[in-house]
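Residue numbers (this note's numbering), protein chains in the order written: chain A, 1 to 258; chain D, 1001 to 1258.
Please note: incorrect hints may appear among the correct ones.
[To be verified] With a straight-line cut-off of 30 Å between C-alpha atoms, the simulated BS3-like cross-links for lysine-lysine are:
| hint | chain 1 | residue 1 | chain 2 | residue 2 |
| --- | --- | --- | --- | --- |
| 1 | A | Lys50 | D | Lys1051 |
| 2 | D | Lys1048 | A | Lys120 |
| 3 | A | Lys200 | D | Lys1203 |
[Stated by the list, open to error] So these bits of chain A aren't anywhere near chain D, every CB distance computed over 12 Å:
| hint | residue |
| --- | --- |
| 4 | Lys4 |
| 5 | Gln8 |
| 6 | Ala17 |
| 7 | Ile136 |
| 8 | Gly140 |
| 9 | Glu150 |
| 10 | Tyr152 |
| 11 | Arg153 |
| 12 | Val158 |
| 13 | Asn173 |
| 14 | Lys203 |
| 15 | Arg220 |
| 16 | Ala228 |
| 17 | Arg249 |
Honestly, the hints are just simulated from the structure, not real lab data. Ideal Cβ placement from N, Cα and C applies to all residues, glycine included.
Protein chains: 2
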Amino acid sequence: MLEKQRHQLIVDLVEKARFASVNHLSAELNTSEATIRRDINKLYELNKLKKIRGGAESVSNDSGIKQRALSASTFASNHGMHGDKKRRIAEKAVSICNDGEPIIVNGGTTTFMMGEFLIKRNLSVLTNSFKLAHYIAEHGDNQITLPGGEIYRDQGIVLSSFEQDTIQYYHSNKMFMGTQGITELGVTESDPLLIRAEQKMRKQAEQLIVMADSSKIGRRGNFILCPAEQVDILITDDEADEKVLQELRDHGVEVLIA
Amino acid sequence: MLEKQRHQLIVDLVEKARFASVNHLSAELNTSEATIRRDINKLYELNKLKKIRGGAESVSNDSGIKQRALSASTFASNHGMHGDKKRRIAEKAVSICNDGEPIIVNGGTTTFMMGEFLIKRNLSVLTNSFKLAHYIAEHGDNQITLPGGEIYRDQGIVLSSFEQDTIQYYHSNKMFMGTQGITELGVTESDPLLIRAEQKMRKQAEQLIVMADSSKIGRRGNFILCPAEQVDILITDDEADEKVLQELRDHGVEVLIA
DNA sequence: TTAGAACTGAAAGATTCTGATCGGATGGTA
DNA sequence: TACCATCCGATCAGAATCTTTCAGTTCTAA
């Protein structure tokens, strides 16, 4: 990571949380505390943040609050029932990507959490999630590609009614998607719009990777998206029903525990 | 690969991601780091990018860190020299649209201000401005269509390198665009990227409506976008040079004062 | 075709950055 | 106050990056 990028991330993190400790920053940016201290000193010289014992503080009172409101909504979902699990699953998902690799990410709350980890990596992302694209555009420097189409606010996605699409020029090894439920019968989704969006992108990727926290395992949603055989990898957490997982393995699904 | 091509690619990559490391660029362009460094130096001389340790940074966005927040920067510009004028011009632009009408809006700061008024109306909007789309999606309930493509952070636009595009299915009476300068010789723009984006969308609209505050009237930018004859309506403010306006009228441009 | 200019990749040396370490400073607690 | 844990700044070796130089290649114009 470039020094400038690190500086930007530090300021972002400080702005977002109002305060950030040296320890936290060094863990977050995967660098030594010495470097963080040096960075904080430089940013302090530039008046980009306040230096306080133990870390750094946001320099602006006004805009700080505004920005917090913005990002608060994005991370509000983090603290849901299965927030932590989802977050770890998202982390695991990003970790299996290779540097520089182009990936496809479908809209949804689970996949949205990949954003936090994607911005630390150098991956090229195609996503129909307007929210994810916006998050990465603001916080990261990944290359981002959006399909064309209309914005569906409720789903937070961009979807075109036409076959011709920017997507067709994109190719990737991995496509990531969330799900409402997965059983040995297949992957299900709750919203037909999401299904259409998913199917468009799925053609362009070789591996289909499904992310589902344990509450989704063995559950069935309203609409069937695809049979279990077509899933290459399932990422879930350690509370998933082992019986269902075994059935999925029998259908050729590789199961990863986050 | 020709040097010129390489330079273009480097600038593109830097624009898209805001940063690019020497290492990454040399891998991406399949050339030695020595060459990349030389290229970066040349492009730096030409002010096409900023040189930073480890790589290069996008030049468009000066003070960087603060402005990164896509939505925060939006109203900052409101308070610029011509902020009020721009705002009134944007208001006028929206006012000439008919309810329910589909319109095309090109990226840029002036056109962005249309957002504030668009959300109060019932118009269907096609825009390549990621910022504008985000603003309307958050604050309004208009139907929004985005072209597919990659996100260019500094311009805040989505642009595809391919001809095939969602845009081609869209048709509209009116296309709105800002400009860096307009004279009887034509409409000019500062950023070649914006030109590419503009020309794609222009084909889909019947009327071309240019928005330019008085400081832009009679001024010339770096790149010529189109001759004055192709402009149907010009919206400007009451301080515009009347002599230039008359010349434009003689070229068939209808001039509206906001 | 040839001479000269421009470009490229590689290597050497200078510069800057990073991570680790250590003594001293700071804040909290009894 | 005395003690402890933690944090900070200074320092140094090693790593990464930058500039310069040089030799080989490609391009250009006569």
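Evaluated hints:
Using a Cα cut-off of 30 Å, the hinted pair lysine 50 of chain A and lysine 1051 of chain D holds, with the two alpha carbons roughly 27 Å apart. Straight-line distance between C-alpha atoms of lysine 1048 of chain D and lysine 120 of chain A comes to about 26 Å, which keeps the hinted pair within the 30 Å bound. Taking the CA atoms of lysine 200 of chain A and lysine 1203 of chain D, the gap is about 27 Å. The hint holds against a cut of 30 Å. The Cβ of lysine 4 of chain A does not lie farther than 12 Å from every Cβ of chain D; its closest approach is about 5 Å, which violates its non-interface assignment.
With 12 Å as the threshold on Cβ separation, the claim that glutamine 8 of chain A sits away from chain D is violated: the shortest Cβ distance comes to roughly 5 Å. With a cut of 12 Å on Cβ distances, alanine 17 of chain A stays outside the contact zone with chain D, its closest approach being about 15 Å. Some Cβ of chain D comes within 12 Å of the Cβ of isoleucine 136 of chain A; the nearest lies about 8 Å off, and the non-interface call is violated. A beta-carbon of chain D is positioned within 12 Å of the beta-carbon of glycine 140 of chain A; the least distance is around 9 Å.
A cut-off of 12 Å between C-beta atoms contradicts the statement that glutamate 150 of chain A is not in contact with chain D; the least separation is 5 Å. With a least beta-carbon separation of about 10 Å from chain D, tyrosine 152 of chain A fails to lie farther than 12 Å from that chain, contradicting its non-interface assignment. With a closest Cβ-Cβ approach of about 6 Å to chain D, arginine 153 of chain A is found to fall inside the 12 Å limit, against its non-interface label. Not every beta carbon of chain D lies more than 12 Å from that of valine 158 of chain A, the smallest distance being close to 6 Å; the non-interface claim is violated.
Every C-beta of chain D lies more than 12 Å from that of asparagine 173 of chain A, the closest at about 18 Å, which supports listing it as non-interface. No Cβ of chain D approaches the Cβ of lysine 203 of chain A within 12 Å, the least distance being about 15 Å, so the stated non-interface status holds. For arginine 220 of chain A, the requirement that its beta carbon stay farther than 12 Å from each beta carbon of chain D is met, with the minimum near 32 Å. The beta carbon of alanine 228 of chain A sits about 31 Å from the closest Cβ of chain D, which is more than 12 Å, so the claim that it is off the interface holds.
With a least beta-carbon separation of about 37 Å from chain D, arginine 249 of chain A lies farther than 12 Å from that chain, consistent with its non-interface assignment.
When each numbered hint is compared with the structure, violations occur for hints 4, 5, 7, 8, 9, 10, 11 and 12.
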